[in-house]
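> Each chain, written out:
Protein chains: 4
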Amino acid sequence: METKETGRVEAFSDGVFAIAITLLVLDLMHLPGQEGDTLAERLAGQWPAFIAFLNTFATILIIWINHHNLFTNIRRTNNAFMLINGLLLLTITFLPFPTSLVAEHYGHPEAMLAAALYAGTFFVMACAFNMLWRYASHEHRLISSAITSNEIRSINRQYLFGPTVYGLAFILAFVNVTACVLVTIALAIYYAVTASTAKK
Amino acid sequence: METKETGRVEAFSDGVFAIAITLLVLDLMHLPGQEGDTLAERLAGQWPAFIAFLNTFATILIIWINHHNLFTNIRRTNNAFMLINGLLLLTITFLPFPTSLVAEHYGHPEAMLAAALYAGTFFVMACAFNMLWRYASHEHRLISSAITSNEIRSINRQYLFGPTVYGLAFILAFVNVTACVLVTIALAIYYAVTASTAKK
Amino acid sequence: METKETGRVEAFSDGVFAIAITLLVLDLMHLPGQEGDTLAERLAGQWPAFIAFLNTFATILIIWINHHNLFTNIRRTNNAFMLINGLLLLTITFLPFPTSLVAEHYGHPEAMLAAALYAGTFFVMACAFNMLWRYASHEHRLISSAITSNEIRSINRQYLFGPTVYGLAFILAFVNVTACVLVTIALAIYYAVTASTAKK
Amino acid sequence: METKETGRVEAFSDGVFAIAITLLVLDLMHLPGQEGDTLAERLAGQWPAFIAFLNTFATILIIWINHHNLFTNIRRTNNAFMLINGLLLLTITFLPFPTSLVAEHYGHPEAMLAAALYAGTFFVMACAFNMLWRYASHEHRLISSAITSNEIRSINRQYLFGPTVYGLAFILAFVNVTACVLVTIALAIYYAVTASTAKK
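As they're listed, the protein sequences go chains A, B, C and D. Quick note, the first sequence lines up with residues 0 to 199 if you use numbering that gives the first Met the number 0. Quick note, the second sequence lines up with residues 0 to 199 if you use numbering that gives the first Met the number 0. Quick note, the third sequence lines up with residues 0 to 199 if you use numbering that gives the first Met the number 0. Quick note, the fourth sequence lines up with residues 0 to 199 if you use numbering that gives the first Met the number 0.
Think of the hints as simulated: they come from the structure by calculation, not from any bench. Just so you know, even glycine gets a beta-carbon here, dropped at the ideal spot from N, CA and C. Some clues are possibly wrong.
Unchecked claim - Stretch by stretch, here's where chain C covers chain B in the computed footprint (C-beta under 8 Å, at least three residues):
1. 102–109
2. 129–137
3. 157–166
4. 189–195
As the list claims (entries may be wrong) - Chain A is nowhere near these chain B residues, computed Cβ spacing over 12 Å in every case:
5. Asp36
6. Thr37
7. Pro47
8. Leu53
9. Arg74
10. Thr76
11. Asn77
12. Phe80
13. Ile142
14. Ser143
15. Ala145
16. Glu150
17. Asn175
18. Ala178
19. Leu181
20. Ile184
Required output: the full structure, derived from the provided sequences and hints.
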């Protein structure tokens, strides 16, 4: 017996996305700096944390919008689908940790490892998103039969862009930390622009 | 293809509003004060944190009520609308940070910058709210056709009040911190009173 | 124009209740104790925090159940109702703070003030709950017309029990902290027992 | 009068599950280690925290999937059912605490007590889950009459597996901490595999 409605999977996922995106601010609350520093100096010294906050916020928001769009095509759910969705949510809840590491170590030699973990988490996130769609769409397992096989193949190709770019960013982390982070920022901006101009 | 239902956008937004409003208490939990102080002295010394907590709580609650009322008019959603909504949510999740800064620095010279950041966040929040409504209502893009163009123009004018007053509060921060904070408190009270006596 | 559905008010409230009840555990995570203490000694030394955690958890859960039951009678919502509901949610989000104070100061002279704040928050919470019902039920403002005036008066009387007992607990805080806390625990148990045996 | 819909109980539960599963990351954010350690050394030294994070995440996710599946059979709700559900949620919100204790003390003599608390919390969680089902299914109290008594007895037997294995893990904690934790990991994997291959 498969349950027809996906309401609770979406509600639970919405909860996790909403909490993860809201917890990001907690990492800003511990201003670094020495006793004699002014507030302006301490805020200015925290600029990598603000960039990392904005980038992770934007990425989670865009993944949520994509998750929302993907689920408009989902008609049924089953346990395997919920487990793959759980893997996606695992990467979302994990994101505040590498975000904090990148913010803390940017400009130091340790930043390479932090950036690799940051881009690596985005990479696993994008892979889990692809798995979620491919599992659901394979032989129309959980999606509406109104979607044609050509449309599925087209979405398959389109979704590969994320893991490809995040995989590149992961490799870039070991070459140049700034380039790695800029690629993840560029991808967030690219998705935001294409999403907002898309017909859908 | 535009999805007809706004359920998940509302659920995700509700989650973010609910979490941001609940996280505010965490900033009260670190009582300042020296070893010899009594609990009463430490609580009394924290009065700016209590005021800031109440003011931000009330403002988020009122924005949520307005968000709720705005969405009763929304019939469809699209990616651009979700991105503007995401910008509004960004300011909501960010609020605990300037709230904490104002509470910590009130009465010190640093308070000017903290108050400017506090009022500035409210200003961006109010602007994002206006953008959300204007994007949705422009040529009835996402709203019910039952709403007349005159009603839209009337709501447009009414919504401009928020950014105007918060913009004023932002400028006031550089003149007098107390006046800046009092303006944001007065606006919260004004909205609460007019909201509760409105026919709607 | 009054909106007919109470769905988003319930969703937002559920979010706040769920987050407040889940954040309580954070206060357990900072085990007190000195370097030489064993884990068992540190856990044992934290027993007031465990009692306070359980008591506040149970009270929030019971208020949520009552909120759920109250809303089964609500047919409409308006801004004033959402503001009173916001006052109730304010006390719920505030609860982790006095819970932490009672846990930290139990057995010390400071406990009197902490217990007064704890019972006082419960008192305001119970008053807000009464206001919510009385505002909604007054002349059947927001409730189903199927509920008779006699039933409303009966519920009015029944709901007065909470503020009365929490008011008593508040006064007791200044006489005997243990008695004050025991009264709030007894009330949680009383509500749990009567709720689970009620026909409703 | 019993309310027919279980929507708000599920929404509140989803909120608690989502927040508890997302808060787990906060315990990773405080990297241990001394000043001279590299980031790689500090991350490597935290491996028990990563294992504990993954294991608790997976267990909460699986309990949520089971909660979801159980509720597809629930037709009504009442106060006693909501209280038993509250007991289950209590164990879920409590989990970050023993998870943190196991991660912190693994490899030290104190780990025995931490592991016993960890497995013990899982045991109470599994018992509460069984109580929830048995209370709802007893004489078809809250479930659909389409479910036969034979199916109920079959589910009863199947659900006993969880408390049995977690009870064993609890006893194992006093013999061998690693074996205790491995049993809880094995159970999470077993549930994930059987769930994803089940017809349901």
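> Three or more residues of the region 102–109 of chain B near chain C by CB distance under 8 Å?
Three-residue rule not met by the region 102–109 of chain B, so violated; n is 0.
> For isoleucine 142(B), is the shortest beta carbon distance to chain A beyond 12 Å?
holds (18 Å)
> Are all C-beta atoms of chain A more than 12 Å from that of isoleucine 184(B)?
holds (22 Å)
> Grab the minimum beta-carbon distance between threonine 76(B) and chain A and tell me whether it stays above 12 Å.
violated (9 Å)
> Could you let me know if the closest chain A CB is still more than 12 Å away from the CB of leucine 181(B)?
Since the minimum Cβ distance to chain A is about 21 Å, leucine 181(B) lies beyond 12 Å and the statement holds.
> Three or more residues of the region 157–166 of chain B near chain C by CB distance under 8 Å?
violated (count 0)
> Check the non-interface label on aspartate 36(B): least C-beta distance to chain A beyond 12 Å or not.
holds (21 Å)
> Is the Cβ of leucine 53(B) more than 12 Å away from each Cβ in chain A?
holds (19 Å)
> Does threonine 37(B) clear chain A by more than 12 Å, comparing its Cβ with all Cβ atoms of that chain?
Nearest chain A Cβ is 26 Å from threonine 37(B), so the label holds.
> Checking a non-interface call: every C-beta of chain A should be farther than 12 Å from the C-beta of phenylalanine 80(B). Is that right?
Non-interface label on phenylalanine 80(B) violated, nearest chain A Cβ at 9 Å vs cutoff 12 Å.
> Going by Cβ atoms, does serine 143(B) stay more than 12 Å from chain A at every point?
At about 21 Å from chain A, serine 143(B) clears the 12 Å cut-off, so the statement holds.
> At a Cβ distance under 8 Å, does chain C reach at least three residues of the region 129–137 of chain B?
violated (count 0)
Hint compliance for this structure: hints 1, 2, 3, 10, 11 and 12 are not met, and every other hint is.
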